[in-house]
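*Asks:* Below, each chain spelled out in residue letters.
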Amino acid sequence: QKEVEQNSGPLSVPEGAIASLNCTYSDRGSQSFFWYRQYSGKSPELIMSIYSNGDKEDGRFTAQLNKASQYVSLLIRDSQPSDSATYLCAVSLDRDDKIIFGKGTRLHILP
Amino acid sequence: SQTIHQWPATLVQPVGSPLSLECTVEGTSNPNLYWYRQAAGRGLQLLFYSVGIGQISSEVPQNLSASRPQDRQFILSSKKLLLSDSGFYLCAWGTGGTEAFFGQGTRLTVV
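As you go down the protein sequences, you meet chains S and A in turn.
In terms of our numbering, the first sequence is residues 1 to 111.
In terms of our numbering, the second sequence is residues 1 to 111.
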């Protein structure tokens, strides 16, 4: 059973602070990892992709991957009210190209 | 650049009626295509994915079906809708092992 697990939240973070979102996955064959942001009533939009162990930074966002622990995280620095959304973690298995999503974490940035 | 078109944006259908949702992609060849459903307050559930014309993989046995009559066209169908088919239907495209990009979605309400 391939699963992607996330804390549903809500996670409340003061404006300007660092928001930390976590995700675990069950299939060790997972090769590609993604973070999406979804505003209420809208479709998900890609924030970050990460394929190898370590950190990947893009502006205020940093994705972290640890394949040995089957763990991927997203850090959002200098959180803004516009970051309030649901964040979806997704993983892909190279062998069948499926992309499986977690149920998402609701993030609320407090002004 | 690549674009994905999905229509209609909203749909209200009676129980027992048929369904046809269409998705087309522009600006790329031989994309992977996906259909997801997001029920109210829940995560993204992968329904079907396709790696080529006529190649459809079904993830969840139910009264829905999918077809890919052309390289960049993906259709989701049902012969008889159930109340439980209500949800937000999302089409996405990607290339093998990489991220997926979503259309705007169709919000289906079965009454």
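Hints may be right or wrong, so weigh each one.
Claimed, not checked - Label pairs and their computed distance ranges (CB to CB):
no., chain 1, residue 1, chain 2, residue 2, range
1, A, Thr-95, S, Ala-17, 35 to 43 Å
2, A, Lys-80, S, Glu-5, 17 to 25 Å
3, A, Ala-9, S, Ser-82, 37 to 45 Å
4, A, Ser-57, S, Asn-53, 39 to 47 Å
5, A, Glu-59, S, Tyr-39, 34 to 42 Å
6, S, Gln-70, A, Thr-10, 37 to 45 Å
7, A, Gly-52, S, Ser-49, 17 to 25 Å
Don't read these hints as lab results, they were simulated from the structure.
Just so it is clear, CB atoms sit at the ideal spot from N, CA and C, and this is done for glycine as well.
*Asks:* Is it true that the C-beta distance of Gly-52 (chain A) to Ser-49 (chain S) lies inside 17 to 25 Å, as the hint says?
*Replies:* holds (23 Å)
*Asks:* For the hint 17 to 25 Å, verify it against the beta carbon of Lys-80 (chain A) and that of Glu-5 (chain S).
*Replies:* Taking Cβ atoms as reference, Lys-80 (chain A) and Glu-5 (chain S) lie about 34 Å apart, which means the hint is violated.
*Asks:* Taking the Cβ atom of Glu-59 (chain A) and the Cβ atom of Tyr-39 (chain S), is their distance within the range 34 to 42 Å?
*Replies:* violated (26 Å)
*Asks:* Check the following: the C-beta atoms of Thr-95 (chain A) and Ala-17 (chain S) are separated by a distance inside 35 to 43 Å.
*Replies:* Since the Cβ atoms of Thr-95 (chain A) and Ala-17 (chain S) sit about 36 Å apart, the hinted range of 35 to 43 Å holds.
*Asks:* Is 39 to 47 Å a correct range for the gap between the Cβ atoms of Ser-57 (chain A) and Asn-53 (chain S)?
*Replies:* violated (29 Å)
*Asks:* Starting from the hint 37 to 45 Å, judge whether the C-beta atoms of Ala-9 (chain A) and Ser-82 (chain S) obey it.
*Replies:* violated (23 Å)
*Asks:* CB of Gln-70 (chain S) to CB of Thr-10 (chain A), is that within 37 to 45 Å?
*Replies:* Because 38 Å falls inside the window, the suggested range holds.
Violated hints for the displayed structure, listed by number in ascending order: 2, 3, 4 and 5.
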